[in-house]
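J.: Below are the chains, spelled out letter by letter.
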Amino acid sequence: MGAKLRVVRRRIRSVQSTMKITRAMELIAASRILKAQQRVEAARPYAELLTRAMEDVARQTGALVHPLLEERAEPARVGVLVITSDRGLAGSYNANVLRLAEDLMDSIRARGCEPVVYTTGKKGMSYFRFRGVPLAASWSGFSEVPPYRAAVEIGRRLIADFAEGRIDEQHVVYTDFRSAFTQRATSKRFLPISPTEVRDVRPRPHPEYLFEPGPNEILDELLPQYVITKVYAALLESAASENAARRRAMKAATDNAEELVKVLTRQANRARQDEITMEIMDIVGGAEALASASEG
Amino acid sequence: MEVHVVTPEREVWVGEARMVVARGVLGELGILEGHVPLLVRLTIGPLRILRDGEEVFSVVDGGFLHVSSSEGTTRVDVLAPSAALASEIDVELERRRIAELEARLVDKDDVEAQTELAKALARVNLRA
Numbered sequence: 013m014g015a016k017l018r019v020v021r022r023r024i025r026s027v028q029s030t031m032k033i034t035r036a037m038e039l040i041a042a043s044r045i046l047k048a049q050q051r052v053e054a055a056r057p058y059a060e061l062l063t064r065a066m067e068d069v070a071r072q073t074g075a076l077v078h079p080l081l082e083e084r085a086e087p088a089r090v091g092v093l094v095i096t097s098d099r100g101l102a103g104s105y106n107a108n109v110l111r112l113a114e115d116l117m118d119s120i121r122a123r124g125c126e127p128v129v130y131t132t133g134k135k136g137m138s139y140f141r142f143r144g145v146p147l148a149a150s151w152s153g154f155s156e157v158p159p160y161r162a163a164v165e166i167g168r169r170l171i172a173d174f175a176e177g178r179i180d181e182q183h184v185v186y187t188d189f190r191s192a193f194t195q196r197a198t199s200k201r202f203l204p205i206s207p208t209e210v211r212d213v214r215p216r217p218h219p220e221y222l223f224e225p226g227p228n229e230i231l232d233e234l235l236p237q238y239v240i241t242k243v244y245a246a247l248l249e250s251a252a253s254e255n256a257a258r259r260r261a262m263k264a265a266t267d268n269a270e271e272l273v274k275v276l277t278r279q280a281n282r283a284r285q286d287e288i289t290m291e292i293m294d295i296v297g298g299a300e301a302l303a304s305a306s307e308g
Numbered sequence: 289m290e291v292h293v294v295t296p297e298r299e300v301w302v303g304e305a306r307m308v309v310a311r312g313v314l315g316e317l318g319i320l321e322g323h324v325p326l327l328v329r330l331t332i333g334p335l336r337i338l339r340d341g342e343e344v345f346s347v348v349d350g351g352f353l354h355v356s357s358s359e360g361t362t363r364v365d366v367l368a369p370s371a372a373l374a375s376e377i378d379v380e381l382e383r384r385r386i387a388e389l390e391a392r393l394v395d396k397d398d399v400e401a402q403t404e405l406a407k408a409l410a411r412v413n414l415r416a
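Protein sequence lines correspond, in order, to chains A and B. Going by our numbering, the first residue of the first sequence is number 13, and it counts up by one from there. Going by our numbering, the first residue of the second sequence is number 289, and it counts up by one from there.
Derived EDC-like pairs (lysine to aspartate or glutamate); straight-line CA-CA distance at most 20 Å: (1) A:Lys200 x A:Glu114; (2) A:Lys47 x B:Glu299; (3) A:Lys47 x B:Glu297; (4) A:Lys200 x A:Glu126; (5) A:Lys242 x B:Glu297; (6) A:Lys242 x B:Glu299; (7) A:Lys200 x A:Asp188; (8) A:Lys242 x A:Glu82.
FYI, nobody ran anything at the bench for these hints, they're computed from the structure.
Chain A on its own, in the form it takes in the complex:
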């Protein structure tokens, strides 16, 4: 077998084995999108009932008063939690989140405040480390299937930093999963909890309403829980989006590999045909030489 043919065949084999990997990753990502979506759905009832309970407290007490609801008069340090993935091979998923995070940090600086960065996911962590941006905290190792306890840990840290005055606001940059085809990097303010979320309720106190313990103690637990629930939702939305982006990237890679195998197969066939032609020409040439030699 000629050298050219051997090289082309080797490339075909290598492309085919890459294709097997990308196809497997595509299928895994597809099944994880579904799981993440189911978990987003499963988390919704709790969030709704929690909001209902907070509205009830607002109705009874007239207006909610709590440190987590207080706007700071002159915010100096603004926290930004950036939710990225642990692994690459997800198209522009991380680039989109990081670009939006940079925009947000620019606008925070434009307001005269100092951004304080928190990240989840290895990609975000290495992005900011490489640029010499100090990280207040970073978490990783769960971006594809975020467990609830990760949300608890992150949420508690953000609340503690806010409550103890290390930051005056907390924003979260994550990817909203609209559908399997559309995911959008989104930023939202989580702290202080904005009035439109819970406080816009007409006070209608019920004379016999019972709180055990008092309404303030209850708020002390409800509000942090509310923030944790929102962090959990953002992690789940991002996980669904990450897997959707990875599925799309891997599908494109598989399709390209298929195309490449077609082209290479054509090249291999051409090379093989060239070899055969060459051999025939050799034989014909040799036979003719023999014939003319025996005639002479």
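Add chain B to chain A, keeping to what the hints say.
T.: For chain B alone, coordinates are given in the frame of chain A:
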């Protein structure tokens, strides 16, 4: 009376009931149709849902019980950080956890281990 038992991760139980019995921070509570509106913090412990001729046993790891009413129907929401129906509890697994946690608590005071122990005990007691 409509009852919802939910955790941040899932809906544990939803349905109609006659009475709900839970353990609040200030003592045991029984909720019947027409109860005044209420918002109570729960402790780790059993939650019983009584239906007609049937009783649903479950355990909640703290959280809240919220009673509200709209248009004459009472509604009970139980929001727990985690919860399990009796049928979902693996007694053997919980027993092993109890042994482990008790070993951890022998020589030092660990608040987290104590909470975990209370959860495991509540689960085993429910099935006892």
